[in-house]
Each structure stands twice: as C-alpha cells, then as structure tokens.
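S.K.: Chains as they are written, first to last, in our numbering: chain F, 202 to 476; chain L, 202 to 476.
For the record, the hints were derived by calculation from the structure and aren't laboratory data. Glycine included, each C-beta is placed from N, C-alpha and C at the ideal position. Warning: the hint list may mix true and false statements.
Simulated pairs of lysine-lysine, DSBU-like, Cα-Cα distance not exceeding 30 Å [stated by the list, open to error]:
#	chain 1	residue 1	chain 2	residue 2
1	F	K476	L	K472
2	L	K476	L	K239
3	F	K472	L	K472
4	F	K472	L	K476
5	L	K368	L	K406
6	F	K239	F	K393
7	F	K388	F	K209
8	F	K239	F	K209
9	F	K239	F	K388
10	L	K476	F	K476
11	F	K368	F	K393
12	L	K239	L	K209
A few chain F residues that don't get close to chain L, going by computed Cβ distances all over 10 Å [to be verified]:
#	residue
13	F204
14	G208
15	G381
16	H392
17	A405
18	K406
19	R416
20	A433
Ranges between beta-carbon positions, derived for each pair [claimed, not checked]:
#	chain 1	residue 1	chain 2	residue 2	range
21	F	D419	L	A405	49 to 57 Å
22	F	A444	L	N418	54 to 62 Å
23	F	K239	L	A405	55 to 63 Å
24	L	D446	F	E413	50 to 58 Å
25	F	T268	L	E413	24 to 32 Å
Protein chains: 2
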Amino acid sequence: MLFGHTGKAHIIGITGPSGSGKSTLTGALAREYRRQDKTVAIIAIDPTSPFTHGAILGDRIRMQDLTSDPGVFIRSLATRGALGGLSAATNDVVNVMDAAGNDIVLVETVGAGQDEVEIAGTAHTTIVVNIPGAGDDMQAIKAGILEIADILVVNKADLPQAEAVFKQLHIYTDLQRHEGWDVPILKTVAHKEEGIAEVVEAVAKHWAYLQESGRLNDIRRQNARRELLSTAQAILMEEIVAAADGSLDDIAAQIAARETDPRSAAERLIKNARK
Amino acid sequence: MLFGHTGKAHIIGITGPSGSGKSTLTGALAREYRRQDKTVAIIAIDPTSPFTHGAILGDRIRMQDLTSDPGVFIRSLATRGALGGLSAATNDVVNVMDAAGNDIVLVETVGAGQDEVEIAGTAHTTIVVNIPGAGDDMQAIKAGILEIADILVVNKADLPQAEAVFKQLHIYTDLQRHEGWDVPILKTVAHKEEGIAEVVEAVAKHWAYLQESGRLNDIRRQNARRELLSTAQAILMEEIVAAADGSLDDIAAQIAARETDPRSAAERLIKNARK
Numbered sequence: 202m203l204f205g206h207t208g209k210a211h212i213i214g215i216t217g218p219s220g221s222g223k224s225t226l227t228g229a230l231a232r233e234y235r236r237q238d239k240t241v242a243i244i245a246i247d248p249t250s251p252f253t254h255g256a257i258l259g260d261r262i263r264m265q266d267l268t269s270d271p272g273v274f275i276r277s278l279a280t281r282g283a284l285g286g287l288s289a290a291t292n293d294v295v296n297v298m299d300a301a302g303n304d305i306v307l308v309e310t311v312g313a314g315q316d317e318v319e320i321a322g323t324a325h326t327t328i329v330v331n332i333p334g335a336g337d338d339m340q341a342i343k344a345g346i347l348e349i350a351d352i353l354v355v356n357k358a359d360l361p362q363a364e365a366v367f368k369q370l371h372i373y374t375d376l377q378r379h380e381g382w383d384v385p386i387l388k389t390v391a392h393k394e395e396g397i398a399e400v401v402e403a404v405a406k407h408w409a410y411l412q413e414s415g416r417l418n419d420i421r422r423q424n425a426r427r428e429l430l431s432t433a434q435a436i437l438m439e440e441i442v443a444a445a446d447g448s449l450d451d452i453a454a455q456i457a458a459r460e461t462d463p464r465s466a467a468e469r470l471i472k473n474a475r476k
Numbered sequence: 202m203l204f205g206h207t208g209k210a211h212i213i214g215i216t217g218p219s220g221s222g223k224s225t226l227t228g229a230l231a232r233e234y235r236r237q238d239k240t241v242a243i244i245a246i247d248p249t250s251p252f253t254h255g256a257i258l259g260d261r262i263r264m265q266d267l268t269s270d271p272g273v274f275i276r277s278l279a280t281r282g283a284l285g286g287l288s289a290a291t292n293d294v295v296n297v298m299d300a301a302g303n304d305i306v307l308v309e310t311v312g313a314g315q316d317e318v319e320i321a322g323t324a325h326t327t328i329v330v331n332i333p334g335a336g337d338d339m340q341a342i343k344a345g346i347l348e349i350a351d352i353l354v355v356n357k358a359d360l361p362q363a364e365a366v367f368k369q370l371h372i373y374t375d376l377q378r379h380e381g382w383d384v385p386i387l388k389t390v391a392h393k394e395e396g397i398a399e400v401v402e403a404v405a406k407h408w409a410y411l412q413e414s415g416r417l418n419d420i421r422r423q424n425a426r427r428e429l430l431s432t433a434q435a436i437l438m439e440e441i442v443a444a445a446d447g448s449l450d451d452i453a454a455q456i457a458a459r460e461t462d463p464r465s466a467a468e469r470l471i472k473n474a475r476k
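Let the sequences and hints guide you as you build the complete structure.
M.R.: Put into structure tokens, the structure is as follows:
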C-alpha cells in the first residue's frame, strides 16, 4: 500500500509573489540537494492555470538541466480542483513522491490565495520568498503570507532596494512571538546560485527543531486529520453524484427556476443515495 | 425562505492583481450606481487575511463616504473557509445581499488563485482590472485571469505605459473566440472617477446580452448545481464530524503513526455515521 511507505520525506513549501524568482530558487535548492546526494521531487502548483499553461511551461524551462537527472522528479500541477480542491490533489502527489523514496519534496506555489496557504500548511518547512522594490516593499506582509514562514528569503538581494526589505523583514520578525524557532532571514541571488547553501542549512536546522520539539508529530497529525476528512468528503461526494445518475442538471435547473432550494434538494440527493 | 427571494440582483465580479486599484474602482462604480438610484452591496474577499486583516481595513478606508449611505451595504469576507471553502461562504453572502433586494452586488476579489476564479465564476458579469507597467505588462495574461473577463478595464490609464497595456489587451482579445459578446476594453482613472460611466454602461450592455442570449439561465443553472453539491457536502461532513464525536484527533494520530491509512479510516468514519 502506497500510504505505508510515506512519512520519510522532508516536505518543503516555497511560496511568494509572482516575479520573486521562486522557480529559480527552487531549481537552485534542488541542485544543492543533489550535490548532497539527496533525491529531490519538485511539485509546482499553479492554481490559475486551468486556463493558460504558459506560466508553468515558462517557469519549468529554468529547470531544464534538472530534468535529465534521474535523481530529480519534476511535476507541474495545474488541475483545477473540483470537489476536494487543489490542496487535496497536491497532497496526493506529495504522498506519491514521498512513498517513491525522495528525500526532499519541494512544493512551489504562487502564494497569493487560500489554496497556497493551505498547501503551505501541509509542508514541514515553509520558505517565503520576498523581493526588493516592486512598488510596495511590504506587499507580502499586506498579503499576510509572512505569518506562515519558517524561513524568510530576500531573493534578488543584489538589487539596490534589497537592504530596505531585509530591514523591514527584521522589524516584522522582531514583532512576532516565537516558540522555540526564530525565523531566519536569508539573502539569495538565486540565478547566480548565491546564498543557496545557507538556505539549505537553515532548512536542515528547522528539520532538527521540528523533530526535537515534537512539532513534526503535530504537523503529521494535522495533515492526517485533513487528509482523513478530505478522503471522506471525496468518497461521499462520489456516492452522491453516482446515485444522482445524471439528474443533477435537472435538479440544478429546478433550483435556478426557484422551484426548490439548494438545501431541500441536497437533502433529497443524500436520502436518495442511501436508499 | 431566504432562497426564494434571490435571483433578482445583477452580480458583478471585480478582480485583478493587487495594486490595480480594484477597491477604488469598486467604490467609484458603487457611487455611479447610487446616482442612478440603484441599491448596491459590496462584498470584498481577501482569502489571505485569516492572518492579517490590515489589507482589508486599509482598502475599506477608500470607501468611507459610502458607509454612511443607507443604500450601500459593505462587507469584507476574510473567513478562511474550512470544509466548503471560501466560494461557498461568498455564495451565502451574495445570496443574502440578493435576497435583501440590492439591485447590484459588487464582489471584489484579489484574483490570483483558484478561489477567486471560482468566485468570479458565480458572477453574472466579470470585470478584470489591469494596470500599466509593474515590470511585466502581461502579468495578468500569464496568470490566466483574462479568460474570465466579460469586461476588461485598464485602470490608472493616465500613466504613460497605459497605452501599451491597452494595445496588448486588444491583441489578446482579437485572438479570442467570441460567441455573441465582444469583450470591451475600457480606460479608467478610478481615483478621479474618470471612465466610470462607460464601465457601468458596458455592464448594462452585458446584462442585456446575458438575458437575450439565454446565458443568464446557463450561469444560474451552473451556480445552482455548484450550490447543490456544496450544500450536500456541508451536510454530509457535519454528520461525519458529529458522529466521530471527538475521536477525529485519535484517528488522525493513528494515521500519522501509520497504524491505519486515510482511506480505510475515512470508510470507517462513514460507516460509523450511518449506524
């Protein structure tokens, strides 16, 4: 059984605004892990790409050297989650990559919406990538994404405004309450592979912290609870749709015509599925 | 019954990247509708704000003059959707606003993730706001968000790079296949209330198109189907959680310890709920 083989990989979430160089950083981290002889899976999530797949393909080009390495598995996830959502789909792929024996699973998300926050929630270590400038230095803070960071990275740190962002992030983290883990703020220039070893080192330190503090078990239990409920949800919804036997469109038309309401119709659907 | 009173409002989704001036545009549209003596509800969605609520509060400040108008209802939705998700929560609020007799319901989203795309999917008319410059002119196209637009707006059209974005959007829409509706591209300077009447006019034209073409009925049926399934899902998951009677954490711990797997545990949960 697949599930029995999971639970070994270190799952690392990498998120941040678009244009922050997440893909380049992800690629650089993968190369560093390969130098340490670790096997790596990269899962890139783009919740907006049910429509255009350009973004993902474009990003993946920066990882071309990795695609020929048998110790690296790269997969883009662009599935628009129906019932169950993108986080459930991601979880499945992460589990497969974990069970396949990868030491490191890098999950890269765009980091703007609820999905990304949830996906990051399933990671053991979350890296939030920030960039200098872009009009509003603290855009990331405004978006509330900093609060999920275990490690903060200022990428494109060779740009003149980098120091300002770095300082702002320090002010931000100083204001936070920590329990046993101080969020490090690291500078990288991912396209030149500068500062990457330091990030990998911070990730390893965080992993040790997670194990020693018991936080790793907490995260695993939270993930298990989430997976349990989403699996139950998927099973139940499959039953409902199967039992409706093609009548969903008719019922929807009745609701749209105000001949019935969603709650009554849903209760009938459920009753029907249990006959 | 609340549901029986819905189905009258024109639901308008407004989305686009952060910094595009969506809130200012939304406020300006609301003022224009009030001039036409229409009642307006504004629902602002920020899926990232389970963490920091600063963004929403900051944005709402731009709408202070509207808050004292009894013909305007403003509500921010920052709830991190548990099971059911943000789109279900939004749908509920939209229905309440619709049933309360508002002529116009403006739903403003950040427009970056799957949630926003889904929320936009429930609107009758979707306005996608673009901005000149910001490093990558076609960021919005890359994000795939243009494809949900019924009306495209170039806001901050007084900036020098506006013409370039305007042209790129024209090239983009010329490449699209249309069925009965040509997506208009309109220029606004929302903070000066310039171009707002034209947007309102385009929205009215789109409403007429939706009614004449039968598209309005299609959208209502799609929304009804979605609401039917999410209601069934909510009912079923409530049952499961209630029947588990506090044992979810124990089961999660067993899964985390690999003593059982999520599928078997979920099946047992369901069986137990049906006893």
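S.K.: Indicate, hint by hint, whether the structure satisfies it.
M.R.: Taking the hints in turn, this is what the structure says about them:
1. F/K476 to L/K472: 15 Å, holds
2. L/K476 to L/K239: Judged against 30 Å, a Cα distance of about 52 Å means the pair is violated.
3. F/K472 to L/K472: Holds, because 15 Å separates the two Cα atoms, which is no more than 30 Å.
4. F/K472 to L/K476: Holds, because 15 Å separates the two Cα atoms, which is no more than 30 Å.
5. L/K368 to L/K406: 23 Å, holds
6. F/K239 to F/K393: With Cα atoms ~21 Å apart, F/K239 and F/K393 stay inside 30 Å; holds.
7. F/K388 to F/K209: Since the Cα atoms of F/K388 and F/K209 sit roughly 29 Å apart, the hinted pair holds (cutoff 30 Å).
8. F/K239 to F/K209: 13 Å, holds
9. F/K239 to F/K388: The given pair, whose Cα atoms are some 23 Å apart, holds under the 30 Å limit.
10. L/K476 to F/K476: 14 Å, holds
11. F/K368 to F/K393: 23 Å, holds
12. L/K239 to L/K209: 13 Å, holds
13. F204: At about 4 Å from chain L, F/F204 fails to clear the 10 Å cut-off, so the statement is violated.
14. G208: 6 Å, violated
15. G381: 20 Å, holds
16. H392: The claim holds: F/H392 sits with its nearest Cβ about 16 Å from chain L, beyond 10 Å.
17. A405: 22 Å, holds
18. K406: It holds; F/K406 is separated from chain L by about 23 Å at its closest Cβ, greater than 10 Å.
19. R416: At roughly 13 Å from the nearest Cβ of chain L, F/R416 sits farther out than 10 Å, so the non-interface label holds.
20. A433: 4 Å, violated
21. F/D419 to L/A405: 49 to 57 Å: The hinted range 49 to 57 Å holds for F/D419 and L/A405, with Cβ atoms some 54 Å apart.
22. F/A444 to L/N418: 54 to 62 Å: Violated, at about 26 Å.
23. F/K239 to L/A405: 55 to 63 Å: Roughly 59 Å apart at Cβ, these two residues keep to the hinted range, so it holds.
24. L/D446 to F/E413: 50 to 58 Å: With Cβ atoms ~34 Å apart, the hint is violated.
25. F/T268 to L/E413: 24 to 32 Å: With a Cβ separation near 50 Å, F/T268 and L/E413 fall outside 24 to 32 Å, so the hint is violated.
In summary, the numbered hints that this structure violates are 2, 13, 14, 20, 22, 24, 25.
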